[in-house]
Amino acid sequence: MDTNIKFNTKNLDLFYGDFQALKSINMEIREKEVTAFIGPSGCGKSTFLRCLNRMNDLIDSVKINGEIIFDGQDINGTIDVINLRTRVGMVFQKPNPFPMSIYENIAYGPKCQGVKDKNQLDTLVKESLVKAALWDEVKDRLNKSALGLSGGQQQRLCIARTIAMNPEVILMDEPTSALDPIATAKIEDLMSSLKKDYTIIIVTHSMQQAGRISDKTAFFLMGEVIEFNETPIIFTNPHDKRTEDYITGRFG
Amino acid sequence: MQAIKRKKQKETIIESFFLICAFVAVISVLAITVFVFYNGLKPFVSNSYPLWDFLTGVEWRPGSNMYGIFYMIVGSIFATLGAILIGVPVAIFTAVYISEMAGSRIGKVIRFAVELLAGIPSVLYGVFGLGIIVPYVLKISPMAQGESLLATILVLAIMILPTVVSISETSISAVPREYREGSYALGASKIQTIFKVVLPAARSGIMTGVILGIGRAIGETMAVMLVCGNPIAGIPTSLFDQIRPLTTNIALEMGYASGVHQELLYSTGVVLFIFIMIINLAVNKLVKTKVGS
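As given, the protein sequences belong to chains U and B, one line each in that order.
Position one of the first sequence corresponds to residue 1 (my numbering), numbered consecutively onward.
Position one of the second sequence corresponds to residue 1 (my numbering), numbered consecutively onward.
Extracted from the complex, chain B is given alone in its bound form (with noise of 0.2 Å):
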């Protein structure tokens, strides 16, 4: 009786470990959450800067009390667009090319290489940037500095390949080998095969994939930060034109800053936030309407 006891007792004492570790997740997306818009909401409530001026200016310039985020958030948006319309045409197509058409070992070469890519740190893409892509882009650009959007967009369609690549492979390899033979027997060949029935029955996970995708580009900071150039102020019209994501700004700023200035530092971090939530949100929609679709 005393051992039962004992032993139903341990096991408890072992189940709340396992909560508590997995309660350090929630807590601390939680207080993340919390820090952050706590802070980057006091200059709205506490009215010491209009949010409207905020959200809607073009301008940052805290010498001045000028904090207007409006270019970034373009900024941001165009460089996630780039990289999405770039890199993921070219990621689909890997994946497609390491799990359909691919012998097993050029297969496991680009695979390798993928997940290579995936670990190697964001400080390395923004180095390989400045020092490749920007003098590429100044010499086809009519500014007088090669940090641009596109310069930005091109770091980005990089950084998000891993991301798409291994997602969709994992999806397309998911694809029943009982559709592609239903096809080849009604004498589809290889690429219809891939692009109409493959792929579309693959398109849930692959569009996870590239939510996923646009998560990491609007996120990214260290990399983008040494390509982009970060302007002052200015919506970019053109590719050739700096920008100044969401993210820089707050990396570039928040080491220093003080008073209302820090303060508006995390409110673009609350910004940047909601951004990133919509995306989960669209994420977490995805994955359920993955059954039966």
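Looking at chain U on its own, in the form it has when it is part of the complex (with noise of 0.2 Å):
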């Protein structure tokens, strides 16, 4: 087995009670990578991305057929699912920081693991809100309530939450879809330079993102991966009529 496989989904599928969401999906995502979903909206790319962390088990109706191996174990199995939680982060659409303050933010996931030593929290907060490139914007009001942030710097702020748990996969979905286009560069900065640490997944909505950070890119469509490869070459040569047609702004 190829040690740099993060994630390796065989036939993989998904149902909403009757409707099959996702369709036999086979992908391996690799380390210290960034790959990018593209499709239509409803083709089930958040879907997919969600299962990954398992948020779908927050959902009654839904039933999964096939397997996800994360690092050469099912989690679809009887894994400890807060662990794996640990491990692969999430950050929404929608910034959804805590109405709470900023540090309490950070130091939320770290405190839920137990960690109790103020110092060790301090850090960690400081830490993970200069990795996130939102330090010095906040650094003296760490006491303030989230809420009062922008809606770039409250998604930086969901950023650093997740960095805070020092997980090995990021998931982002649509992570720039409700920020201007200040922010939402603010946000792809931040990206490039969190890859070199984290596997980076992200769904989007925007084909420009997808080409400016990604290194992979999979095109769904209906609930299937139409085409999955090298960015560059989903963008300039892709194998598939359908990805093209998507790319070139001829449907979606």
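Everything labelled a hint here was simulated from the structure, so no lab data went into it.
Please note that a few of the clues may not be correct.
So these bits of chain B aren't anywhere near chain U, every CB distance computed over 12 Å [stated by the list, open to error]: (1) ILE20; (2) PHE35; (3) VAL197; (4) ILE279.
In silico contact screen, one side only, chain U against chain B (beta carbon under 8 Å); selected entries [what the hints assert, rightly or not]: (5) ILE82; (6) PRO99; (7) GLY109; (8) GLN113.
Where chain B lies over chain U, by a calculated footprint (3+ residues, C-beta under 8 Å) [claimed, not checked]: (9) 53–62; (10) 153–166.
Quick caveat, the model's predicted, so the values are computed rather than measured.
For each residue, glycine too, the CB sits at the ideal point set by N, CA and C.
Given two chains presented individually in distinct reference frames, assemble the corresponding complex, making use of the accompanying hints.
Written out as structure tokens, the structure reads:
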């Protein structure tokens, strides 16, 4: 087995009740790369992303067949979901800081894992904010409510919060779709700098974004992966007609 | 032209009708307030009974012209505090269970039971308390009777459940799903998510429920009357002591009282009224501070 493969899905099907949202997904996602999922709305890309840290558990009617191998272990088996989620962090479409202070937002995850030492938490909070390129903007108001930050700052706070858990993988579900271009550029810069330490998987509606930041791109259509390849190939020389139609804007 | 004018007239008439309907509530609350305060303040204004003796006295003996309500105020407060101490945690955990844990079926059953509890006439709570709770209290009580502060607290704790459960549940359900997802995605367990994110986010709504529960407990009359003992004197010093809350004092004697006795029953109402008003103001303040808390 190639040790550089972080996630490997085999014949993954997912159903919401009777509706099949994912059809036999086979995908290998490599360590310390940025992998982008693109495709029209409702194509299953977010659903697939949410399989990777078992967020679909929160929805009652979901049924999953097939395997998702994470570091050699099937995560749909009898694994510890909490442990999985500390190793596979997630940033959501809408910035969702908790209604508490900036400091507490970052310290939340570590505290849930039993970290109590104040010095250790202080260090973690600072390091995470520095890594998320937010420290300079918030260092004087760590005890103020996180809800007072701008949308872009909130999203970087959410990234910092995820980094504080020191995960191996960061899943991002359209992290910039609610942000303005400047905030988006900041987040994209951040992703490029995070890439050396983390495996990043991002769902995006923006093909330019996928082109700018990702190493690999997967094109989803109606629950299937149509094409998965190096990003330059997907955008310049796609093998499938449907991929070409999508990236040239003929539908979607 | 004529048609437009007539149409406008019609609108004005309908609007005035709605306005009159809306004023029924305003007029009622004014009328009750003025009536209670007018009668209740009379004995102190006319000096037929000293206010200080009324507020600080610990004996209520109309036959001997002794009208002290201090022990009733204490009884009302103790009973309410006790009911809140027991009822609120039970209610909040019920609300959490319904909205966060129970499957939709069990959740529905519990919610239905809670709604039913809200609809039961208070006299039946009293009968239940007298028939079931009072005998049990008697078994463990050093006193000769089971009617007591403890029995009152238990009955009131059950009575405030529907209010606190339903308001807490509404505010817990209103906590955005994004908060829960954010918490789970950081590796928090369900219990951690509930206690560290969901409940704090729902705090102001839950507090509103608690304060309405306090209002319900302090104002409850019929059920309490049957289980509290209604002694004529004495500040309660143990859970097994009898109490005489402000409400039952009024209900027990208003039917036959006259003169100063009757006026001082109104005065008891004034004290009760002030308590309720403070609680309502607190609710309003909480509801206002809800946004951006």
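Consistency of the hints with the structure:
no. : hint    : verdict
1   : ILE20   : holds, 43 Å
2   : PHE35   : holds, 45 Å
3   : VAL197  : violated, 6 Å
4   : ILE279  : holds, 26 Å
5   : ILE82   : holds, 5 Å
6   : PRO99   : holds, 5 Å
7   : GLY109  : holds, 4 Å
8   : GLN113  : holds, 7 Å
9   : 53–62   : holds (count 3)
10  : 153–166 : holds (count 4)
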